[in-house]
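Colleague: Going line by line, the protein sequences match chains A and B.
Just so you know, we're using our numbering here: the first sequence kicks off at 4 and counts up by one.
Just so you know, we're using our numbering here: the second sequence kicks off at 4 and counts up by one.
Derived by calculation from the structure, the hints in this document are not laboratory data.
Ideal placement from N, C-alpha and C gives every residue a C-beta, glycine not left out.
Misleading hints may appear alongside valid ones.
[To be verified] From the structure, some residues in chain A lie toward chain B, with a derived Cβ separation under 10 Å:
1. H87
2. A162
3. V291
Protein chains: 2
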Amino acid sequence: MMDEARYGALREAVENHLLRVTREEWGGIPHPLRDAMAYSLLSGGKRLRPVLLLAAHELIAPWDGAALRFAGALEMIHTYSLIHDDLPAMDNDTLRRGKPTCHVVYGEGMAVLAGDGLLNLAMEEMLSSDHPGTLAAARAVAGAAGVRGMIAGQCLDLAHEGQEPSPELVSSIHRLKTACLLTAPMEAGLILAGAHEGQLAAGSAFGRLFGLAFQIRDDLLDRTGSEAALGKHTGKDTAEGKLTWPALYGEEQARADVARLTEEACGRLREAFGDKADFLCGIAQECVQRNH
Amino acid sequence: MMDEARYGALREAVENHLLRVTREEWGGIPHPLRDAMAYSLLSGGKRLRPVLLLAAHELIAPWDGAALRFAGALEMIHTYSLIHDDLPAMDNDTLRRGKPTCHVVYGEGMAVLAGDGLLNLAMEEMLSSDHPGTLAAARAVAGAAGVRGMIAGQCLDLAHEGQEPSPELVSSIHRLKTACLLTAPMEAGLILAGAHEGQLAAGSAFGRLFGLAFQIRDDLLDRTGSEAALGKHTGKDTAEGKLTWPALYGEEQARADVARLTEEACGRLREAFGDKADFLCGIAQECVQRNH
């Protein structure tokens, strides 16, 4: 069982931070660009990545302003990746979180710039603090988001669309495209909190295993979920011959893998943090059972 | 007169660094993405921004490995901005440095990712060093490249295409779109070299003034230069109703402004660095007299 109240409090802290930043600090950004960035960044969502970062920090110590900046940066990176992923030249999606996608509203050119802008701003946000862990935490996030991480996953996804899926390829895509950006907040949160190496390794393993389970669950929802509940078009993966876990192993095996990976993820975190891991394990379990 | 041999030596150092990085450190990047990034990054060019960074460093002390990483990062940011700028949704250019643009060769989706990848990698490259000036120099570059800098300029350019140009708007676009990314290497190079505040302000002013002169010269070349010499399509700005300095003030005034701004830039640098400024002033003068 997830601690809903605690999740809600962290999510609200993130939401308020993002609202405050966009209202008070985005004055210098010219208009159509600022609007396009805010439209996508403030369109709701679970705020999972920033919540993970704050919760990871809380495994060791209460989070502070620097952690909140990093949390916001993670959401900016996630949002930019969705904006670019939705472009006609990529997944060509017109609906996201129940709203028309960024390029539908602001045009393709402005959507490209809004994505670039959010990635660049995420870096600026991370570098803005003088926290002793800033450099190491920013390295972890930039590495996970980059061409050996999330962007590599998007490349493989795009380059191999419609091909016969191999287990290695599907696993690579899932690990890179999704798990990297769920591992990064764990690492950054722990680094900022002053974690030692063993704690960092456990948090990292949790993110990696949970991230893989999360993406398999996503694949399953694309097959079986309703568009109304998900707020995006479903069945697209199958129609476009995308490489998915259920396509490779069948739905039953995919469900079993989700459960096994999540349990393994939680086991690793409990080994290092005991009962303090309960909240994050609850989040993982809730996420992989979600219907939206 | 520019010291051609010295420029050539710095340019070669940058070129060798980029070649070495792409060959020895890009193994973990999946293939079509790596190819698309390398195609654009290694397609020649003057390497002006990285050379400025190294030359700025030399105003105070010989540059080192950290400065070279930053120099490479500047070229990656410049290259990513060109890749995204050339996309059909933006400037829709098919020719750059005499070669087909990235999206023509690798497809639009891969070009979007190659641009994202180069921006992200530039951040990783800057953060990779443990130099005491890393954080401050990376902040200067990220700020100049971002939504209050270069990306803001691209936004204004895109949003106001075909409109009646006002002096303020054209000046803003030039300052943001071009001058920011010529100011950043001056600042980063000086910060890494341990410059004091007055030196930093002089370098920054040089970059800003020279950057504006550079963009006006670019506008003039688009009107009068040959495609063979420039390696890109010319006359596009006029055809598309882009806001340019000559369109606003006429060619004669534009030429006079280029000369005045360059002289002012060099004056600021000489005030702070005396004869040591000669090399950078020579670069500025050469650039604003260039035919390609």
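Colleague: Determine for every hint whether it applies to the structure shown.
Modeller: Each hint tested on the structure:
At about 6 Å, the closest approach between the beta carbon of A/H87 and any beta carbon in chain B falls short of 10 Å, and the interface hint on this residue holds. Taking 10 Å as the C-beta contact cut-off toward chain B, the hint placing A/A162 at the interface holds, the least distance being around 5 Å. Here the hint on A/V291 is broken, as its CB sits about 27 Å from the closest CB of chain B, past 10 Å.
Taken one by one, the earlier hints fail for this structure only at number 3.
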